[in-house]
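K.L.:
Chain by chain, the residues:
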Amino acid sequence: MPVRLLIVCGSGIVTSTILEQRIREIAESEDLNITIRKIGISALNNWIGEADLVITTSRYIEDVPNVRIISGAPVISGIGEEKFVAEFVKVVKELQGR
Amino acid sequence: MDLLDPELIQLNMDAGSHEEIIKKLAGILMEKGYVKESYLESVLEREKRFPTGISMGEVNVAIPHTDAKHVIKTGMAIAILNNPVKFNIMDDPKNEVETKLVFMLAIKDPELQLKLLGHLASMFRNKDLLISLKEAKYKNDVIKIFESINLV
Numbered sequence: 064m065p066v067r068l069l070i071v072c073g074s075g076i077v078t079s080t081i082l083e084q085r086i087r088e089i090a091e092s093e094d095l096n097i098t099i100r101k102i103g104i105s106a107l108n109n110w111i112g113e114a115d116l117v118i119t120t121s122r123y124i125e126d127v128p129n130v131r132i133i134s135g136a137p138v139i140s141g142i143g144e145e146k147f148v149a150e151f152v153k154v155v156k157e158l159q160g161r
Numbered sequence: 246m247d248l249l250d251p252e253l254i255q256l257n258m259d260a261g262s263h264e265e266i267i268k269k270l271a272g273i274l275m276e277k278g279y280v281k282e283s284y285l286e287s288v289l290e291r292e293k294r295f296p297t298g299i300s301m302g303e304v305n306v307a308i309p310h311t312d313a314k315h316v317i318k319t320g321m322a323i324a325i326l327n328n329p330v331k332f333n334i335m336d337d338p339k340n341e342v343e344t345k346l347v348f349m350l351a352i353k354d355p356e357l358q359l360k361l362l363g364h365l366a367s368m369f370r371n372k373d374l375l376i377s378l379k380e381a382k383y384k385n386d387v388i389k390i391f392e393s394i395n396l397v
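Same order as they appear, the protein sequences are chains A and B. Convert by adding 63 to the 1-based position in the first sequence; the result is the number in this note's numbering. Convert by adding 245 to the 1-based position in the second sequence; the result is the number in this note's numbering.
Check before you lean on any hint, since a few could be wrong.
Keeping only pairs whose Cα atoms sit at most 16 Å apart, straight-line, the calculated EDC-like set for lysine to aspartate or glutamate is [claimed, not checked]:
#1 B:K360 to A:E144
#2 B:K269 to B:E286
#3 B:K372 to B:E303
#4 B:K277 to B:E303
#5 A:K153 to A:E93
#6 B:K372 to A:E93
Please keep in mind that the hints were generated in silico from the structure rather than gathered at the bench.
Build the full structure now, drawing on both the sequences and the hints.
P.N.:
If you want it as structure tokens, here you go:
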């Protein structure tokens, strides 16, 4: 089963698109089995039930049971990106191993 | 693809607040036919709820933008300010960053603008490039910087 990612930003246009591109690169180089849905934050409630992992550039997401949330801001600024990649890969592999 | 329309490059700008620079850039985008009249209000409103300041330590940037329905055609207005203005931080909205670099995006279809968005992201990681952009005095300097990352 692929790990279902929800990529979320303010309007689902700019930073989520940048995140999506980077995450596809990471997934390919790490051989991760994922699906991606990219949304604006206003659509979060519609899709959260179908996600295993949320990656967001925004701070407006409250904790949701059973769904891990990782900040994707390092991908945009480049600061702390290695740490982001390490955490992202670790979490996806954990979720894959369920 | 006229992603870097020289008329949308604004050097030596003065603004007292992020609202003021957003108004100036939106005015230019509208005048040149890139966005609808509704764009300005929508960007200002969105900036309140989902701020677009990006904190990068040495050189911060802001990327105000809004939904595609307010956009006529894709473009990017760039402001290089004489003095920094404050934007709230995207992933830490209670705090602000000061920036002299504002990239105002008019994105019609993000899937068709992957290249632009990808280049923007790689530009943000390149501190030297951002510093030279911040110091740019002529439009040609800005165009050359973008040529160096194959954006134009």
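K.L.:
Identify every previously stated hint that the structure contradicts and give their numbers, smallest first.
P.N.:
1, 4 and 6
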